[in-house]
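Participant: Given next are the chains, with one letter for each unit.
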Amino acid sequence: MFSFAISFIAIFLLIISAVSDRKKTMIALKIAGKTALNLMPFLLIIIIVIGFLLTFVPGHLIARVIGKNSGFAGVLVSALIGSILLIPHFVTAPLAASLLRQGAGIMAIAAFITTLVMVGTVTLPMEMKTMGRKFAIWRNLLSFGFALFIALIMGLVLK
Amino acid sequence: MNKTLRQWFIFIVLVILVCAIYPFQPEKTVSILKISKNYLQEMLGILPAVLILLGLLDVWIPKKIVERTLGENSGILGTGIAFLIGTAAAGPLYVAFPIAASLLKKGARVFNIAIFLCSWAAIKIPMIMFETEFLGWQFTVLRLLLTIPSAILIGLIMEKIIGFKEA
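Chains as they are written, first to last, in this note's numbering: chain A, 268 to 426; chain B, 982 to 1148.
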């Protein structure tokens, strides 16, 4: 199992790290703990939302809007939703997996994930303030365009 | 802290909602809890390892040295490093904006900074692990193979539009 392999690697690296530098390792563990605490409520929310989603939204509805046969319109819809939502990295994959299980198409899911992480409508004002208006707008526009391109190819390759 | 508290509050409201459904449609409540339990188990199986790796990366990758190697003459090495820190660093994208802005001010190329932001956003190590677990390695590998050249193209296009350096 993948999670088993990763756990093994993590423990192995942790031991190496602890042997070479105790102090740094403690800081690393503190960072891990802090991240876990910050992440916990959102993870729990998403888990319950997935429960609701899979229980109440009928699979055929998801399949019709963003399913295999929804074509480019379905990809566009998922890309737009992905651009608007702001979700931590950790929960994008489980959420996407639950949508797939309900009949969403690979193309739409690839568009959803890619725009989710690369395009940030909610964070755009902040990006414009720190990075400059031109930089922020172009980065988001180009990311959206390339997300559609990535989704198209993934949909064609993976089916 | 405030944000976390709000999230806990939303979670509790959701739990109450799940319980409130029970008298009317008990099978729905059971279904929600069963699905949630499965996802929770799957997440807890991988989360501790991912968090430990995240902490180790954050501690062992020297950021100060990296800041100096992203400038105009950094070439492929600078671009590679931009990729690597973006991938290894912790936190959501909006954490990266101030860092990216300060790198630009210190003389980093627009090309490198665009790549830094793209890799920070789309190819984070913890995300790759979660993605492999939930969506399979074919999906993950293909997405990475497509995202890396896309990031490079985005960087090139942005440097064409904005210029070598951003004021």
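Worth double-checking, as some hints may not be accurate.
[What the hints assert, rightly or not] These stretches of chain B come out as covered by chain A in the derived footprint (C-beta under 8 Å, 3 or more residues):
#1 1025-1034
#2 1055-1066
#3 1125-1137
No wet-lab data here; the hints were simulated from the structure.
Beta carbons are placed, not taken as given, at the ideal position from N, Cα and C, and that holds for glycine.
Participant: If a hint holds in the structure, say so; if it does not, say that too.
Facilitator: Hint check results:
1. 1025-1034: holds (count 9)
2. 1055-1066: violated (count 0)
3. 1125-1137: holds (count 5)
Comparing the model with each earlier hint shows a violation of hint 2 alone; every other hint is respected.
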